[in-house]
Amino acid sequence: MTILVGNDTKVLVQGATGREGRLHTAAMLRYGTKILAGVTPGRGGEIIENTVPVFNTVKQAVEKFPQLNSSIIFVPAPFASDAVYESIDSGLKLIVVITEHVPIHDSIRFTNYAYSKGVTIIGPNCPGIISPGLSKIGIMPGHIFSKGQVGMVSRSGTLTYEIAWILTRAGYGQSTAVGIGGDPIIGKDLLEIVEMFAEDGGTNSIVVIGEIGGDAEERLAGKIKHGNFKKPVVAFIAGRKAPPGKRMGHAGAIISMGTGTAASKIEAFKSAGVPVAELPSQIPELLQREFEEKKKENGP
Amino acid sequence: MKIHEYQARILFEQKKIPVPRGKLCTTSSEVRTAAQELEKPVVIKSQILVAGRGKAGGIRLARTPSEAEEIAKKLIGSVIKGIKVNSVLVVESVEPKQELYLGFTIDRGARKFVLIASSQGGMDLEELALTQPDKIFRREIEPLIGLHDFEARLAADSIGLGGRTATDFSSICKKIFAIFCEVEADLAESNPLAVTYDGSLVALDSRITLDDNALFRHPEYRNESEDMSPLEREASQRGLAFVQLDGDIGIIGNGAGLVMATLDVVSHYGGRPANFLDMGGGSSSDVVFNAVSLALKQTNLKALFVNVLGGITRCDDVARGLVQALKGSQTKVPVIVRMVGNNEEEGRKILADAGVATLDSMEDAAKLAVQKAYT
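Each protein sequence line maps, in turn, to chains F and X. With the numbering used here, the residue at position 241 of the first sequence is 1307, and numbering never jumps. With the numbering used here, the residue at position 288 of the second sequence is 355, and numbering never jumps.
What the hints contain is simulated information worked out from the structure, not anything from laboratory work. No incorrect hints appear here.
One side only, chain F facing chain X, incomplete, derived with CB under 8 Å: (1) H1167; (2) P1169; (3) H1171; (4) Y1179; (5) G1223; (6) Y1227; (7) G1305; (8) G1315; (9) M1323; (10) E1344.
Backbone N, C-alpha and C fix where the C-beta goes; we use that ideal spot for every residue, glycine too.
Next comes chain X alone, as it looks inside the complex (with noise of 0.2 Å):
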């Protein structure tokens, strides 16, 4: 889960890491006083959690606090890719002498920490490692250790830094580095992290990615992810995995593996998957009540294909939910069924009651749906 820009900045400022003077404002007013108070031109930035704001428009210099006014009264509120603008940060704007990138993330092949920097900060880290990649600084940190100093050292060294701006640099390397444990991060970076002319740093931006499964721990973060959509909304709060797509086939199934192969495979035969709908291993009659009902709530839906391999999930169970969404939404939809596993017979004599045909292979199953969606 991101959390907002101002969000990190908090952690940042609590562990001494220099920042723009700022602060976080909700109305233009606010913003006018903010820029008053700073004295100096201001940058306003929009608090969304999408990357690319600065190019969609959603960061703003303005030289004056009028100039400030007028910018925050059309950027609150305002839409940016797809986000409603509720709030923006109002920092100085800081010249900086040289942009320079440090984060931490987690390498899952290699199993450890990584700390990387580079001396050419300021883009996206995907399109650095795409265009200079000798321009990164990279080191596993040992997870059962932590970072060393002398770490912090090498890489500041490496990005070419020498004199006080390399203790500093190193000094909030070890800081971001204690935030990305205490809050459990899957990333935590400035960028840029600004060299200014006097040679002090200052970290210009700031990201971090919580690891969802430890938000346990920090109640403080609520999971507020704004690039869903309603009914992604919607299944997150029901527990189910849902994520939508832009066709017209909807598809339900038990296992994230099994689903991402039914979208596959339908999509193979020509079909347009609407959505990827996960309800789990050892899923009950109300589990697939709430899944099926969610997915009609799909309003171009051309055919809808459930596809439950019960290992553990009993096919009774199933079929009930399954009949009980159907007769609750009043579907025209043509619902394609496949359903093997435990008490299977039952489960399809259920179903069969109810006027639902079921399939035993996959690949038939999905090839039915593709026909009845399109002809």
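Extracted from the complex, chain F is given alone in its bound form (with noise of 0.2 Å):
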């Protein structure tokens, strides 16, 4: 079992002909990504990647596939939320924006749309989704993730990466790896992708990527304290040296106001019993020490 992907995801792809839909449709097919059409407006009846045939709308592609159930979007920021609202009118459930740069206005407004309509969004400006050995909706290298049991959940795309090859070469493969994305307002948050990892009975332990900026992580730490999480989690915050006002790259790393710094999230993390890896290399004997953990808090 995985969270969002898996066998029968089949995929849309918006602005599937533009230099990054491309290069990403292709890498998303070698992994194995069942991908059944793209779309951009005025291109219908082109072919990519000699498999995936391209509409003028998104209609048009699940009228033509109707088992379609999943899409990612490459659209410039200008007209993403216009991309979103499209694949949302023709009942597509699972929207991952990795488009970089769309105005805040127009995600707070798409993201609010979609959960009124029961729809999932990742990002925007997000690396996407991957469940190893079965499918990847995002642009993340295939190569580096490894099919296991640990759920990978981060606001960054790289330092993602970073991570999951440490833990695949540590022999900790993963169940899924969700990038939500680096922008101050985004789908499914921290808090709901961990949730999504304690139900999931293919992941035994959640690893968590977190930044300054915001206060999504100290929102985890506060459910974890007070929930019942029975599986071992682990977490990684970047930006304990980052200055305060300054946008670290990502939209959404900012200190601002006093709140969002790394050191605040850390103490959320460590009064909710979470152990907070210094090193990114920790993280395993982390992982590890917090089985052993729990296997003598739930007995043999």
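Build the complex from these two chains, which are given one at a time in their own frames, with help from the hints.
Rendered as structure tokens:
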């Protein structure tokens, strides 16, 4: 078992004929993702990678391939919001927005609309989702990940790859890794993904990769502290040395009005009993220790 | 991106939100004339994009036109908190009976707009939240619906307003929300919003922060952030995410999270990072060349650490850009490269031929960078 992406994932690529869209359609196909169609307005009738037909509208694509259930969006920022609504309108239930620099008044509206329609949004400004060995809806390098039982959730792209690589070399494969995006307003947040992992039979532990800005880590920690999480959770927080008031690359990575510091997030996790790695390389040993602790707590 | 008070004030005036009479001036003689025309004591406000300009002496009261001129002579062209004052806003002095706070911003966690009001305006919202959290009225606004009239009335009522003042407050509340949506702001506020002795309201200060990502729809605002160092400005023009820090080990990487983690790891081993520089995913050799050249312009560097995890990025592209930049700069600074991923072998070979060794662990490379920098 995995979360969000699995064997029955059938993908539509919006913005399929652009440079990024083409590159990653090819990469996803090589990884084994079932991509049935692409959409680029005005480019209907083209075929990309010899197998993926391009349509002018999402409606046409879904009429031709009713089994489509997910979309990945590479559409440029000014048009990304429109692409999200078009997918929701055609009944797709999982939408991964890769696009960076989406205006926040756009994303705040389409995330709320998606929630009201029961649609899951991942991103914007994210690397996407991978369930190693099965499928990926995203731009991450597949070979760094390996099949296993650690659920990963992260606000960052390359740092996820770094830590996936460390886990893979230490023998900890992953059930699913979700890059939720670095923007201030995103679809599913850390807590919601951790709750999905908590319910997932194929996941036995969770690695949370947070960073400065906002209070998603604090909210997650609060829930762990007062909830009933059985699976080991280990965290890493990037940005311990970030100065206040400066955006550290991601639009959402900013310490503002005294909130969103690494110290506050680390403290919140520690008080919830979640160990926080100081160095990425410590994550496997912390996981190992948590497994042993939980074993003692839960009995043999 | 912050916009100037005088720019925000124009938006307020367009919506007929009462503001003190006044004028933007760039010379001391203009200030004198403005003060004469106002026929009242005036407040002279430096138009600079930093917080706390009042405390730093950037906002001054003048009782006469000649005093206004004298103050303006000192203010215009002076440097406050590292920023040069090019213009001042001259407004009539208004004596408030009470100072209120009214603003709209975005609640990240809730994914909602939020209306904030307080009977205790004048100070920073941050300070208010710390000292008198019970004096803050806060209400989430549904982004798909917008502000209801009753929510504006609720805000007025909750901060203790009544009569005509409450009605006026609700009206201003709706107008500021309209501005917040129209210009796609992260923050739109009036602080203080003064209640005068006759019970009317005047927005004594107006502050708006725009969403950088929406600027393409608002071409009338150019990104002219003043609180940037020259290198930060150059980086922003080249599309690189660069933040100046106070150390001496230059840091470059691909991906914001990875670069932040690199700073942390270097610090963990006792290093002092000089900067944050994210080249972004999928970096081409041109981007790498630009990034390395920019980082090497920092004259105080004791080492440069380049940390690349090539998922999509090709290591050979990175290596070519790096070698070209090093040749161009003739730098003597030790360069430590950590590089793994796509086309790693070819990348390593290009760097080895140029005499640059590569490591494959970020932590080992960080240790080496610290060692080379300080011994």
